[in-house]
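Undergrad: Mind docking chain A on chain P? Use the hints.
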Amino acid sequence: MKRLLVAMTVLLPFAAFALTGEEVMKKSQASFLYPGKDFKARVVMKLIARDGQERVREMTMLRKNMGEVGGEQKYFMYFFQPADVKDMSFMTYKYPARDDDRWLFIPAINMVKRIAAQDKRSSFVGSDFTYEDVSGRDIEDDGHAIEREEKLAGTDCFVVKSTPRAADADFAHKLTWVGKESFLPLKEEQYDRKGAPYKLFTAEEIREIKGFPTVVRRVMKNLQTGHRTEVSYLKADYNLGIEDSLFSERFLRQAPRKWVD
Amino acid sequence: MRRLAPGLRGMALGILSCGAAGPVAADVTLAGFLQQNTAFNTAGANPDGRNHKWLEERAQLRLDGSTGAWRFMAKGDVAHDHLGRGSRSELREGYVDYTEVGWDVRAGRQVLTWGLGDIVFLNDVWPKDYEALFAGRPLEYLKRGIDAVKFGVYPAFASFELVLAPSFRASRVPDAGRFHLFDPMPGLVDRRTVEPDQGEAGLRIYRDMAGYDVALYLYRGFQRTPSMRPDRMTAPARITLFHPKLAVYGASASGRAGEGVVSLELAYYDSRRDRSGTDFTVPNSQTRFLAGYQWQPWEEGSLGLQYYVEYMHDHGAYRAALPAGLPMEKRRADTFTVRATQLFLHQTLRLSLYAAHNAGNRDRFINPELRYAISDRVWVALGANFFGGRRTGQFGQLARDDNVYLQTRYEF
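Residue numbers (the working numbering), protein chains in the order written: chain P, -2 to 258; chain A, 1157 to 1568.
Excised from the complex, chain A in its bound form:
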């Protein structure tokens, strides 16, 4: 409850102040769900010896209210994990909105999603939970909220969204006890994590141009997933996990083309900590490009294809600096993805498949899922996560972490 408590206090304050603001009573709604989530291994035990990736009961309460130009929303979870983490609580989101005709502001913990990718991320620089993605949790848990203030300004010629976060929030990487993560220095157990002591900022500018949704993105902050640095190269004693400085400049466009919707996105990752590319512990500067197409080939069916490429800018410098024995990344990584969805039974049964394949290192990730709404309040999802590829790849390292999952949720 430790982390939820300040949020709940804030909610109570919000309600009180709304009540004091005028004779108009706040219009408050309470909702939530109870959920069971199980994911069991199909390719062997975890590094910690257990046979589940996830085994948890969870309850969420969501309080929502508004009065005049003000609105507040708070979403808090309590969960009990059967795989050693015990009972925990978490404020998923909790913010206050103030809306005027030409501008608005949102302050508090909020989920941000930028860009057009489907489980590929270019300009979506905001925190994610990869463990949730790989452990068969519902999609919403892929995103982590960020404590920030977001200003929106909407003059006629474009819309502007400025995000200022006083402190950095990392993405959650899978737990090494549950997933077989590639570790170049497995013997070293003395590890410490250094969080950036600065905040981060992002700006998104978007508008319609000739029927296309066009956006520009700027981000200044840090790499979301940590890098590893040994204290010395020969006989290292300690590893430091840190988040290198990063800036991202990008653009996207999406609109109708033929029978479907085309998506194009570009991002330049400026590795501010290592612009020369000579530090092998810091990701090199990169250009990322995405082209996607989604259409409906038949009734109640949808197909989405993506081509995604990452291009490393200073590959020569990286290659020269990389110590012998460490796996070398290619200059270019091409990934193809497909998502197929079919709805049945008045859209209460959904069969979907997502598959990603990296042509360079044969990295692959396949996620089939069957979801059925038993009633308006209860739904179940049965799915699987299958991984494969080279031992050092993003998905290849998880080749022994295949799992089948079941999600059951009762909403109220």
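Okay, chain P solo, but in the shape it has when bound:
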């Protein structure tokens, strides 16, 4: 028994070392998109054109995990800005390995509409982030391989190359720098089909909230157009006890003040 323990202790660092690309990305998904039972943040998105013109999208984002990591999630978003989408609400039931269900509340005519949308390439509210960049991409959709390990601004990282199995993604392949300690994606380079750099994601600020390291400032830049989107999470918090009932037509029509401040 003692010998076994010694063997395990000796092997442990090697076990960590022996993570596969897929395991790194699964851990990254867990710490980036699934921490806590639920999550809430006031999100400010700045869409900045090459010439400096700025547009602001501001919303409250609520997320609840319905099962384990990698499983079903529900998202609720309520828009404050710009003025022409004020009071608009948006709800997504996100399922692993199948298309999401989405609903939109249009306050101008007080109507709830179920909508079909492509996740893979559609821009999220006109930003440089796709829906997948915001709420995640199925791990199984790509092949993952650890390219190398290196320091990024002093932090030890795995550099994982992900290549989509189908041709429906927004990128041909991408490199992700995943922090070895936090498992957060700290940088991501997306490449187009010609192999040219296409989009660059950087985690600009990480803060620990209720024990969960959280990317509270991030940037996605389109290297080909020069357009970029800066995102700040204000008032981010976890494990607030968001009820299942929030994710319903009732509250889509009338977002509860308790959750959308």
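A portion of the hints provided could be inaccurate.
Calculated pairs, DSBU-like style, for lysine-lysine (alpha carbon to alpha carbon, straight line, at most 35 Å) [what the hints assert, rightly or not]:
(1) A/Lys1486 to P/Lys191
(2) P/Lys177 to P/Lys207
(3) A/Lys1401 to P/Lys110
(4) P/Lys43 to P/Lys177
(5) P/Lys184 to P/Lys83
(6) P/Lys43 to P/Lys191
Keep in mind that the hints were calculated from the coordinates and are not lab data.
TA: For chain A alone, kept in the frame of chain P given last:
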């Protein structure tokens, strides 16, 4: 200001009572917009000789506040019309909400939208403004608010929405001075309108069933657009416009199918005033059915197709009772619609097209629109309304009312 004033008084009272209710101050926000809206004719002058369908400046103020379980909202417009209507004000919406865990209530003027149709209406029995739709006004003006109390109850097995309106509110039909409306008795100018002296009620029950949003609808009230009745058939002297009694029973379902979302909706229109179908002045009982499909064939693009049918139940009785010389409606009317939308420039530029075609009477309506958000506060929309078909059809009668419109809005 006459109509806005009571609403504003109510808002002030609401704020005062919220302040008195406890130490928690009401969280109040004020917003609004300034808007210019022009629609000019492209197929000739109006019946009144003018060349615009719409020419107006408008300002909207919106006050919103909440404290505890209470919330209030009031939206009021003042507008100046250059085509003879002058300056007017209107309370668009104004209500108070009270919300508890398992139920809520909304009292006041409110906009209601039921059903799944895209500019086809089955269970959406609530008041509309067709003049706004045809005169190139922004989409929100298609709906008119209704003064009602709405109760919501949300037990686990289904959600219930009960609407009680003490008085009836009609849909607004296009003005005969601005649009070339089909009139079977154009010589008769002695006309009076009789509004129903009773209220109306609606109930919607909805829930999820195997991933589909399923709803049932019940409505008891009146036809939203008026019917015409002459005082006598031979040499009539006067026409009465009235709203026949109506009940509607319907259902809908929508959910994912393949790459898109499928919508199915059914409604039975029970013409309570004329169940035998022998009164030609009252719409016959009808069944309406809608099948729709929406998907995203490519990035930033969306396509929606609808098939919509109206089926008249007592066509034989209607045909027998219809006086000679009046246009006869078909037993069945099939309509196909398409909506295509494409977004550009980080979703700040939207190109859209809506087209409807009635296979029976070749009625058609085409609405292309280009909308651009110049900044987060200013947007402009340039579009057109084109109509065609038989002289007596819903759109065909408007064949000389084609127009191009421009909407400019500054939001604050």
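Undergrad: Work down the list of hints and note, for each, if the structure agrees.
TA: Here is what the structure says about each hint:
no. : hint                  : result
1   : A/Lys1486 to P/Lys191 : violated, 59 Å
2   : P/Lys177 to P/Lys207  : holds, 20 Å
3   : A/Lys1401 to P/Lys110 : holds, 30 Å
4   : P/Lys43 to P/Lys177   : holds, 29 Å
5   : P/Lys184 to P/Lys83   : holds, 32 Å
6   : P/Lys43 to P/Lys191   : holds, 29 Å
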